[in-house]
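Trainee: These protein sequence lines map, in sequence, to chains A, B and C.
Counting in the working numbering, the first sequence runs from 3 upward without gaps.
Counting in the working numbering, the second sequence runs from -1 upward without gaps.
Counting in the working numbering, the third sequence runs from 3 upward without gaps.
Treat the hints with care, as some may be off.
Straight-line distance between alpha carbons at most 27 Å, and here's what the computed DSSO-like set of lysine-lysine pairs gives [as the list claims (entries may be wrong)]:
id, chain 1, residue 1, chain 2, residue 2
1, A, K135, B, K6
2, A, K135, B, K190
3, B, K310, B, K6
4, B, K6, B, K190
5, A, K135, B, K310
Bear in mind the hints are in silico, worked out from the structure with no lab data behind them.
Since the structure is predicted, the reported quantities are computational estimates derived from the model, not experimental observations.
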Amino acid sequence: MRSNVVLETRSLSMHFGGVVAVDRVDFSLRENELRCLIGPNGAGKSTFFKCLTAQLRPTAGDVVIRDFNVTGSESHQVARMGIGIKTQVPNVFDGLDVEENIWLSASQSASAKRARVITSEVVERLELGEVRKSQLGSLAHGQRQLVELGMVLAGEPWLVILDEPTAGMTQDEVARTADVIREINQSATMIVVEHDMQFIRMIAQKVTVFHQGQILVEGNMDEISSDHRVREVYLGHRKSS
Amino acid sequence: MNRSRETKALISIGIIGLVILFGAPHSLDLFSVISLTTAVSLAILALSLGLIWGFGGILCFGQTAFFGIGAYAYAIAALNFGGSTGAILAALIVAAASAALLGYFMFYGRLSDVYLAVITLTVTLILYSVIRRTSGPEYKIGIAKLGGFNGINVPPINYPWDATQFLYPEHVFYVAMVALLLAYFLCVWVTKSHFGRVSVSIRENELRSELLGYDVRLYKLCMFTIGGAIAGLAGIMFANSIGRITPDVFNLYNAALAIIWVIIGGRGTLIGPVLGALVLFYMTSFLGQQSVVNINLFLGLVLIVFVLVVPKGIVPSLIQLWDQRRSRRMTARSAKKMRRRGRSRVKEAPVEE
Amino acid sequence: MDLFAALVLQIIYGIANLVLISIGLAVIFGMMRVINLAHGEFLMLGGYSVVVATNNGVNIWVAMFILAPLIVGLIGLIVEWCLIRFLYGRMVDTLLATWGLSLFFIGLITTIFGAQTATTIAPPFGAITIGEYSSSGYELFLICIAVLMIILVYLLLRYTKLGLVARGTMQGADMAASLGVSTQRVYSTTFGIGAALTGLAGGLLAPITGILPTSGAIYIGKAFITVISGGTAILAGTASASVLLGAINGIVAFVIGPTMGEVALLLLAIVLLRLMPQGITGRFFKRSL
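Pulled out of the complex, with its shape left as it was, chain A reads as follows (with noise of 0.2 Å):
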């Protein structure tokens, strides 16, 4: 069971002068699982993402991911580790082409050969053929989502860590997100940050859901549907749908 586990965080916190936004976070994940955090508005859900890919540091607590103590690190080792981080607003190369974006991400770690295959096959797989030698600034927001998941994949990453991945999405391009990641769960453990309902839906296995700062329960879609104190807090007190 022990060496199954891929990432956790042990009494993660991190404050902000008087604010505490992730509060002793004890959190696990095993290899292969799906997991998808959810919580209302200021839970920590964006703080504690940024805390597990080194773009805060942590004010206590630690963050281990295979066995090493990341906690610390700079953003760019985390990702060397095989880690691919999609943020929550698109952080893409506007500049530069949907091609460019992707084999930059490609080459950090594959040869120039082999980063040019893994280019065509992402692009291909994202059905971006036609927009491929289109400026990044140019195109829709749901568009550049995908191409920001696109670079996630070039780097052939065993970890992919997604925050609000649907956002702005059309429900064409929503589906076929959920198709993407239920795809890239085949061969990587993945952590989805996400606020659309119906989107977790489609995708997930196990889920935690965050309040103020801590882990308020985790367990499967139906378990946390049912769960009052999720409603309270999350649903609100209508029945879920």
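Fit chains B and C to the given chain A structure using the hints.
Mentor: Showing chains B and C alone in chain A's frame:
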């Protein structure tokens, strides 16, 4: 710009460069050749800033610091070694090392754009004010006196490893022009390399580059060091073209000029800053001769106008205009074709009620 | 003992000097995050106002305390109206445009007054003696003025309506706007006040240094370093940075020489920024003015 068009442009630049290299000494008088040598050395400085700013996104207001360090290091080394060959190498190393040292503090401290600009400007200004005050005979490195605001007389450059054979001014021009061509194509190669492409991505979005696994601080440091070395090379050529090096190389006016060359010529291209430097060199020499309006006034207005109105610079704006005209001509042509086809179809089809 | 007193006075004057040349820039930077590269020229213009006016018969105190701030404050308002306001949020472009402005002013003044020193004027106070050593009475005067300036800005920010509105806009411009504050007007006024403070400082410093069109360049390096090292809290930042940098500058200048003092200042600033990239008040005294 697509591949073949770019290759054609590079070849043209190479050819023009070679024409100037071999043609200038034969068709211009000596004074013009020496002038051109100075202009060429300034163009190399512009190139260095064009590389690190346009491609690396590093806003350095004090590129003249490495320019001046290169020039001074060359003069001091040449006087001490008694010959220029080792001095050139020494000066390049000193310039690169200074850039690396300053770069380390700035990039590993993750200083933002704006702070970087101000710190680098301050560095060049401090060099100016410090070296100006080194007039006394006690200020020297080896046998070379720093000379304060009077500066150092630069020993003439000699043939490699033979300190008795000095180069004539035309030959100094050859060296400078070759240096420019080599530096230019080196920069082109850097921008096309993986390193260069990653640097561009860092310019576009630092966070994303970092999250892809690139050590942004290291890339910037390397880029800045390369820029510093090229600026140092420019300084060496400059020292040789003028024959004397004074602390004025570090001053505010020259630091501003470097930025103006890149802004006017075109940030994001390499040839733009080179052309900007050449054009402005002759323009400021010409304008500097009249005494009605002080040249700073003119330069200041030019900078303001460009920042507000033509932020891309001349070369990219021209390319954009050219592209727009081409696509308009192409749409006009295809529209013509469609109209012709439409007309012939109308002739064939019977008119229906 | 006397030497010690004279030395301490020198160091305190160095700190006061930094405060004087930086406070105008700090006001503008603290409010709008604008780094005005023409700041040195505002100092220079203040100096020219005083020198030209005094040489034409105007009383020196009137020239220093009324004319210089008024003239430069007005110039500041014009600059904000014609140039700065188009570039809010574009920090790099603001830097570049204000650099162009700086060159423009240098060129303008050189064209009008020529590149030589406008005749210097004598400091209005003579030397004072501390035991065996004589120090400049004028420097003591400037120390007092620097302290007064800090108090003035503090009172302005803390107790006036303008100050309250300014602080609100600094903390959150959108919030202030939704409460009916014209942020544009706040910015213009702030820029004008910052310019006026700078003009005042430039005028006060005129008797000490000869005024050239290029005098501004001497100041900008130090002023920027002080403001950036200080961080965004106007008073706490300027004060803390001035004390630290001024002290090191003074001590090194005394031990080695004035030039090395400047180098030490820059080196200390680089180290400070490496450790505290947001400036001193990014780490300490966070909520202060």
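Trainee: With reference to the structure, classify each hint as holding or not holding.
Mentor: So, going through the hints one by one against the coordinates:
no.	hint	in the structure
1	A:K135 with B:K6	holds (21 Å)
2	A:K135 with B:K190	holds (17 Å)
3	B:K310 with B:K6	holds (22 Å)
4	B:K6 with B:K190	holds (16 Å)
5	A:K135 with B:K310	holds (22 Å)
Violated hints: none; the structure is consistent with every hint.
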